[in-house]
Amino acid sequence: MSDVHHEGDSVTLDDGEVEMATEVVSGKSAGGLPVFTPQHGALHWLGRVLVFALPLAYLLMRVFGVTGIVGGGWSNSGLGLLADAFIIAIAVMGVNLITGYTGQLSIGHSAFFAIGAYTGLVLTQGRVSTPFFGDENVWDPGWTIPVAAALCFLVGCVVGLPALRLKGIYLALTTLVFVEAVRSILKYEKFEDVTGGATGIKGDKYTPPEYVFDFFGIKLPTGLDGRADLNQWMIYLSLALLLFIMLMVSGIMRSRIGRAMVATRDNELAAEVMGVNLSVIKTVAFGLSGAITGIGGALFGLKLGLVDADVPLFGLFGAITLLVAMVVGGAAQNWGPMVGAVFYVFVNEIARSIGEAPADYEAVFTITLIVLVVVVMVVVARYVMQHRNDIRANVSNGAWKAVLVVVGSMSALVAAGVMLLGISDGGKLDGLGGVIFGVLLILFARFVPFGAVGTFRIFRSRFVQIIPKPPSESRAAKAPEGVQVQGR
Amino acid sequence: MSENLLEVRGLSAGYGQIEVLHSLDFHVADGEIVVILGANGAGKTTTMRSVSGMIQRSGDVLFDGNRIGSARPDAVLRVGISQVPQGRGTFTDLTVEDNLRAGAYSVKGSIAADIDRWYDVFPRLAERRDQRAGSLSGGEQQMLAIARAMMNRPKLLLCDEPSLGLAPIITQNLFKILGELRDEMGMALLVVEQNAGLSLQLCDRAYVLETGHIVASGTGDELLNDDTVKQAYLGGAG
Amino acid sequence: MSLFIQRMFDGLAEGSIYALLALALVVIFRSTGQLNFAQGEIGTLCAFFASTFTLSGLPVWVAILLAMAIGFLIAAFVERVVVRPIEDRNPGAVIVALIGVFLAVNQLSAMFWGVDARSLPSLFPTNADSFFRIGDAAIRWERVGIIGVLAVVVVLLFLLFNRTKIGLAMRAVANNQESSNLVGIRVGNILILGWGLAGAIGALAAVMLAPSAGLTGTLMLGPFLYASVAAVLGGLDSPVGAVVGGLLIGLLKAFLIGYVDFLSDMLFPVMLVVLLSVLLFRPAGLFGTEKVERV
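Residue numbers (our numbering), protein chains in the order written: chain W, 1 to 488; chain S, 1 to 238; chain H, 1 to 295.
For the record, the hints were derived by calculation from the structure and aren't laboratory data. One or more of the hints may lead you astray.
As the list claims (entries may be wrong) - No farther apart than 25 Å at their CA atoms in a straight line, the calculated lysine to any residue pairs in the SDA-like style are these:
hint	chain 1	residue 1	chain 2	residue 2
1	W	LYS401	S	ILE55
2	S	LYS108	H	ARG163
3	W	LYS401	W	VAL378
4	S	LYS108	H	ARG186
5	H	LYS165	S	ALA126
6	W	LYS167	H	PHE262
7	W	LYS401	H	ILE190
8	H	LYS165	S	VAL79
9	W	LYS190	H	GLY33
10	W	LYS187	H	ASP116
11	H	LYS165	S	ASP226
12	W	LYS167	H	GLY33
Please take these sequences and the hints and turn them into a complete structure.
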């Protein structure tokens with residue numbers, strides 16, 4: 001069972017299936033004429049990029065002060081954030097493959113991210129002897145990406161092998177310990193020659209190539225000005241890789257292997273009876289997901305130009321970050337990781353800038369406190385209204401409970417007020433982003449189980465059915481049945 | 001209003017959107033043994049669970065002068081109704097004695113005398129008082145389940161398919177015990193069963209439940225000789 | 001030899017912390033079948049509260065009791081508001097939500113108390129000369145005190161579970177919620193109580209650890225992982241297992257650091273091996289119950 005997938009719901013949210021159902025409904029009700037063209041294929045993909053990804057990127061650039069498209073200068077830090085978002089999105093694609101599609105909750109994928117990043121730096125810095133490749137063991141940065149993917153695939157298979165017998169909390173706990181274990185190994189002083197031990201590896205910053213390709217003299221220049229345009233190049237590179245991986249994953253999910261993964265998630269026993277080899281499927285899924293996250297890690301390392309085991313994204317909090325992005329975007333949604341990662345980077349940056357601004361928080365906290373008071377009073381009032389008969393008759397100690405609820409919530413409010421006003425002296429607000437993301441995880445797990453993209457699709461699929469007008473009265477009478485197909 | 005210990009009127013209940021019971025009316029008088037007979041899926045367990053407050057239901061349930069139509073399980077217990085759930089529902093990880101103690105959870109005051117008393121009635125349980133309930137045999141677990149329910153000193157005992165999964169000889173013994181309980185304690189019994197033969201002989205009155213409706217009722221003998229009941233529950237018209 | 005004894009006490013004291021935390025995990029696992037990923041972080045937050053209380057002049061033991069009360073409330077709140085509404089839906093969603101609590105609570109302490117280390121006085125004497133000797137080995141009173149706290153908690157828990165009606169209800173609910181309802185136990189209240197109890201024990205573990213380890217937001221990150229491994233090693237549904245597992249992990253850690261030089265920085269890989277070995281070869285743990293029931 002995956003973390004945010006729900007059985008017993010008539011809406012199936014694996015990529016494509018909602019559209020397919022939509023086609024049936026819309027095709028039938030519009031008098032034989034299909035309202036929607038087939039939903040798959042290159043053209044549709046292009047449409048999605050145009051409709052979905054580009055406006056999002058544009059919006060973000062504007063939000064972060066990047067105004068290159070409509071004139072003005074590019075903000076380098078804004079570009080860097082966007083590159084980060086796409087890189088994290090790639091890593092989240094890996095988590096999504098194993099957790100969203102295959103239903104094996106992993107809180108350990110930041111380990112693959114770290115391994116990928118280290119691979120890039122180790123190879124480009126020539127820290128291991130690789131006699132058959134490159135000059136003096138120093139690798140071309142571009143070629144480290146597939147190596148990182150291959151290495152992470154291997155590690156993923158090795159981890160997946162025992163993990164496939166574990167479920168639920170046991171798998172989650174094991175992957176959590178795995179993260180710390182990998183960090184210990186990367187820090188280990190006996191491996192210092194390769195990994196740099198506790199200090200890590202500091203490399204030259206990756207320089208964007210002058211040409212996209214240089215094939216027998218046919219050259220396509222990138223038009224980039226070397227190191228200065230690193231962020232811009234990383235956006236192109238990571239977005240291209242991200243779209244490629246999305247295409248690949250959506251292909252996998254339509255193949256036998258993908259269907260076996262989904263079957264494994266939905267009902268292991270049934271999947272096994274249907275001839276799915278669970279151990280093979282889980283191992284392959286773990287390997288593939290590790291490889292994808294490793295690609296993200298390699299890009300991250302190249303962009304950052306240095307790695308050490310204490311980089312937050314490589315540890316426990318990195319693992320949670322990937323989980324947040326997946327859950328917010330939507331588990332088992334091909335577009336989920338991109339949306340989730342962009343959201344994560346965006347909100348994290350805002351929270352960081354709020355936290356770092358040497359501001360006077362009194363106004364903010366006063367507002368927070370007022371909101372808290374209102375919320376608590378509404379909750380208490382609702383409780384009292386719902387239980388007023390019990391309270392009046394003191395059924396099952398109703399009156400005492402009401403007193404407890406009122407006193408408890410009031411004292412909690414007072415405590416919250418004291419704490420909130422107490423921190424306004426510091427001037428620096430750490431952890432705001434983390435609190436937001438933690439609360440978001442809790443809220444999404446309860447209220448938005450399909451994530452942003454999944455919810456959008458449900459909304460769209462409902463909306464779409466209203467549009468086709470039934471051509472005749474008899475069809476109008478039948479229309480509600482069509483709606484029922486997808487109604488919840 | 002009446003001499004009826006339990007009076008159920010217009011009881012409807014279900015799970016989610018699906019209504020399983022459709023406006024049932026039945027009653028149990030003081031000291032009476034009443035059987036509700038029904039096939040799989042007729043709504044027997046749902047009937048039990050709605051009387052004991054385990055699920056949401058609508059309708060009037062009057063017990064001994066108390067309205068318990070919307071009461072929670074602990075309140076139902078306190079007015080004097082205990083339930084032996086389907087599949088016995090013993091606390092398998094707890095010892096036999098702890099099971100009995102848990103049965104008296106709603107009882108205030110000393111329960112030592114009650115425990116001794118049920119050990120007298122079921123000597124097998126006394127022998128195994130320190131064993132995990134999960135290690136008992138099916139029949140012993142059924143005895144334990146009944147003893148646990150009796151620890152609450154009920155005026156009405158609900159039994160949900162007590163014969164389920166037991167050998168015929170054990171079932172007979174069990175029904176004998178149930179009959180004796182009623183005679184000794186003047187307690188009423190409401191039993192749901194598929195086993196028509198035994199339960200109809202035991203009972204004073206019976207109802208037949210089909211797909212959430214009561215389709216027949218009468219004394220045990222009447223129903224034993226009823227052709228439809230014979231056909232449906234006693235294997236042929238013979 | 002004296003060094004061995006010293007290390008053994010170090011290991012037992014550290015293991016006592018893990019045992020406390022593992023006990024908290026076991027109490028929750030038995031009642032709801034969940035691993036409370038936020039257990040350690042709730043403890044850390046409570047330790048920060050305790051440090052604030054002592055700064056405002058309260059005696060240490062009062063601060064600790066207050067911190068435990070706060071731990072009780074937070075954990076009870078988490079059960080009622082975060083876990084219960086989704087626990088019937090799917091186990092994965094609960095893990096995600098608890099990871100959310102983990103993150104939110106951890107960052108909340110950073111938000112309120114900053115990232116610099118705070119000080120929390122110990123309940124026990126920590127002067128340079130507060131130790132006693134067994135042969136040549138110098139044993140610090142603080143270590144013995146922590147082991148003693150574990151012993152007291154174990155005894156109290158034993159009495160609670162085996163001698164009181166509430167404890168009987170908790171065991172009944174852990175075993176069969178449906179039947180617990182039928183005998184009149186308010187299952188919801190018992191669940192809240194179980195989580196609260198675990199929250200209080202977790203807070204106790206944190207305030208015991210903080211004086212020697214230094215009170216920062218990362219106080220319980222490592223200990224939580226050690227304690228989880230300990231709980232799995234002992235059997236996630238066995239309180240005895242939690243204590244034994246915690247002490248074993250503490251001893252293992254102390255002896256690895258003391259005697260196996262090349263592994264002293266590789267504790268988490270060792271823990272991963274321990275965890276995987278237990279889960280693959282003896283999933284019920286050392287003391288967990290193999291479910292065998294006759295029908």
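Hint check:
1. LYS401(W) - ILE55(S): 23 Å, holds
2. LYS108(S) - ARG163(H): Given pair LYS108(S), ARG163(H) holds - Cα atoms ~16 Å apart, limit 25 Å.
3. LYS401(W) - VAL378(W): 17 Å, holds
4. LYS108(S) - ARG186(H): This hinted pair holds, its Cα atoms lying about 16 Å apart.
5. LYS165(H) - ALA126(S): Holds: LYS165(H) and ALA126(S) sit about 21 Å apart, inside 25 Å.
6. LYS167(W) - PHE262(H): Cα-Cα ~32 Å, so violated.
7. LYS401(W) - ILE190(H): 15 Å, holds
8. LYS165(H) - VAL79(S): Holds - the C-alpha atoms of VAL79(S) and LYS165(H) are around 21 Å apart, at most 25 Å.
9. LYS190(W) - GLY33(H): Roughly 41 Å separates the two Cα atoms, so the pair is violated.
10. LYS187(W) - ASP116(H): 24 Å, holds
11. LYS165(H) - ASP226(S): Distance of about 50 Å is beyond 25 Å: violated.
12. LYS167(W) - GLY33(H): Distance ~13 Å between LYS167(W) and GLY33(H) Cα, so the pair holds.
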